[in-house]
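Colleague: Each chain is listed here by its residues.
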Amino acid sequence: MTSPDEALAHSASSADAAPGTPPGAARGAHGRGAPAGADSWRSRLYRWDMKASPYVFVAPFFVLFGAFTLVPLLYTAWYSLHNVQLSALDHQTWAGLDNYQHLLSSDFFWNALENTFTIGLISTVPQLMAAVWLAHLLNYRLRGSTVWRVVMLTPYATSVAAATLVFTLLYSWDGGMVNWVLHFFGAGPVNWRESDWGSQFAVSSIVIWRWTGYNALIYLAAMQAIPTDLYESAAIDGANRWQQFRHVTIPQLRPTILFTVVVSTIGATQLFGEPLLFGGVSGSKGGSEHQYQTLGLYMYDQGWIIGNLGKASAIAWSMFLILLLVAAVNLLLTRRLRKSQ
Amino acid sequence: MRTSIRRSHRLGAFVAVAALTTGLLAGCAKDSDDGSSDDSDGGSGGKGKTTLTIGTFGVFGYKQAGLYDEYMKLHPDISIKENVTTRTDVYWPKVLTRLQAGSGTDDIEAIEIGNITEAVQTQADKFVDLGKDVDKSQWLDWKNAQATTKDGKLIGLGTDVGPMAVCYRKDMFQKAGLPTDRAKLAQLWKGDWSKYVDLGKQYMKKAPKGTKFVDSASSVYNAAVGGASERYYDKDGNVVWDKSEGVKKAWDAAMTVATSDMSAKLKQFDPTWDQGFANGTFASIACPAWMVGYIEQKSGDSGKGKWDVAAAPAASNWGGSFLGVPTATKHQKEAVALAKWLTAPEQQAKVFAKQASFPSTPSAYATLKPQADTTAYFSNAPLTQIFSDSAKTIPPQPLGPKDKPIDNAISDIGILQVEQKGKSPAEGWDAAAKEIKDVLGQ
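Line by line, the protein sequences give chains A and B. Residues 1 to 341 in the UniProt record's numbering are what the first sequence spells out, letter by letter. Residues 1 to 442 in the UniProt record's numbering are what the second sequence spells out, letter by letter.
So here's chain A without its partners, still in its complex pose (with noise of 0.2 Å):
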């Protein structure tokens, strides 16, 4: 068989072709110019190897992601039409789209949904703009860049956890810093966990610290990439800092911008961790009238506290369809912004 040095070295050499043209093609045994015979069997060999090899190496992924994210998700699809009980596994009754129908005439769905799009909304909005921001501040040559750049991405090394309970202090009623604070301006003390809006822009602020950094990261990347003779020729044109902002780095930055759009919504259409932790003992509620409760919560709600698996696997996959519709609509406007350009 082949051994891996080898192998390796195959793919090294066929990445050297020409996309599109399949390596086998172009140096196969014919380019050896090796006589048939005694050695055709290697060359066969290595032909097979030129096939067979890539998809060996892809393969791990495969397998895993079958095993882990394809198995569950079909198995989820099969739990969301029937009956099935936590308590009770083995009796699992045909429901048809029951659980669907449940959810789209219950209050606490749409609820849910609500509150996932609001809070992804306030979160992810001026998470974006903030990153995009502070990666402009970055671009600057700035004394000791990198450690602004290690602090920036801290606390998204963070864990939901810490931050979480670090969040619930500032944010309590009785005691809290941030009511502290308002106070000290002469506003009277907010509820934070109790109050509709309170209690999502409190949530939201605990997601938007964690990845304002982590967007600006990669927003400050993508901007090094721009060519400095745009910014050269920007200035002697006249334009201001502010003016090469909007009209160099902005459009420069489209792509990535997409990119983060793209990994936040999805993001935001998960949320789950925040909002049951700063939530305390009975997190899953979201609130006594699941003020921020997210689909995600709806979700670990009815499947591990009240114990109704079926109807948390329809949840599970109306959360998948309304990423797919999501990703459609993202798809869309893709292209409408490329003929634009």
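Just so you know, these hints were derived from the structure itself, not from any lab. A hint or two may mislead.
Stretch-level coverage of chain A by chain B, calculated; a stretch enters the list once three of its residues show a Cβ under 8 Å from a Cβ in chain B [as the list claims (entries may be wrong)]: (1) 88-98; (2) 160-170; (3) 280-288; (4) 304-310.
These figures come from a predicted structure and were not determined experimentally. All C-beta atoms, glycine included, are put in the ideal place defined by N, C-alpha and C.
With chain A's structure known, arrange chain B on it following the hints.
Modeller: Just chain B now, kept in the frame of chain A:
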């Protein structure tokens, strides 16, 4: 849920919260570990030692009281490993799925009181009937009843119980012009939690600045409903939460608290609740036996000698667990023997001395010794006397499979809306009702 969370909070709030993320991952890692170690059990060490695993949530105190070491000394061929999952809402679903898969369970599984009825009604065939192996009369009758199936199978041995008392701050009561003697207070509110609430109104008239009478309305609800002879299910297993006399009385008492200014409006087991103890924001709290240690820990030195304990208006229980042996275990005989030993009166007394978990075996009561500094902390109140009197008079209460979600809906939705969002009691009740309908799939 409540029991487990109070336990986890003994380890500190941070651990409890961190358990969700890191604990889940660690739990996964442990799982694969369990699976493989099963095969190597016989061979590991080469001495033919049997490894027994025990699955628990939070702090059970067995390790802390040295019981595992003691047992291993008595039985050199046994070694014991405890698998702790801090939160019950993570622990119990995991146990349920493994029981039904028939693999991956520990040799002994702890079952929380909030889950025992679900286990009795839906998982009885997955647990060994322990009734034949033990002398049932050593446990409180109502404790046994909770773990017994309709056809008389005992699937879990009682560990601790949570008999209720009232813990109060003598100094604050005095400033508010209330009696401070524990016997007098117990007499004042004897018979009904609403009398305790009435005293709260009196407290608020002359309350020391910045203090409230109780920590929360749901604390009063929980205490009151915990002693009702019927709450969410009747004896035949029908859901009666909306007709239950016990629920109605407890709800009314809680509503009096929620609509007045006597509540500090804290949510139990939140970090702010802990701060409430430390800052002395509230003067009294319905406290089951296990909470005594918690109060001592959270109030710290500032509360030393200021706290006192009086008998509760009515006997009531909050919390407690069971040990069950899944039929799937390969070491059934050994596991039963260990579970039996761990829950015997002598061992329960040892756990009490270390961890203040109150025994479910009355014969242990005579020998109970609370830690000296705890007794001093609570003004030398006769803790064992108060709690054992309560434990013996708790009425048997039928529980149901969805007891906990229903309880959550009333406390965390209904009562909280009234207490913190200023909704009317009727609105709060309707919100809870809607939630419960969703829970029950109606």
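Colleague: Could you tell me which of the hints above the structure violates, numbers in ascending order?
Modeller: none
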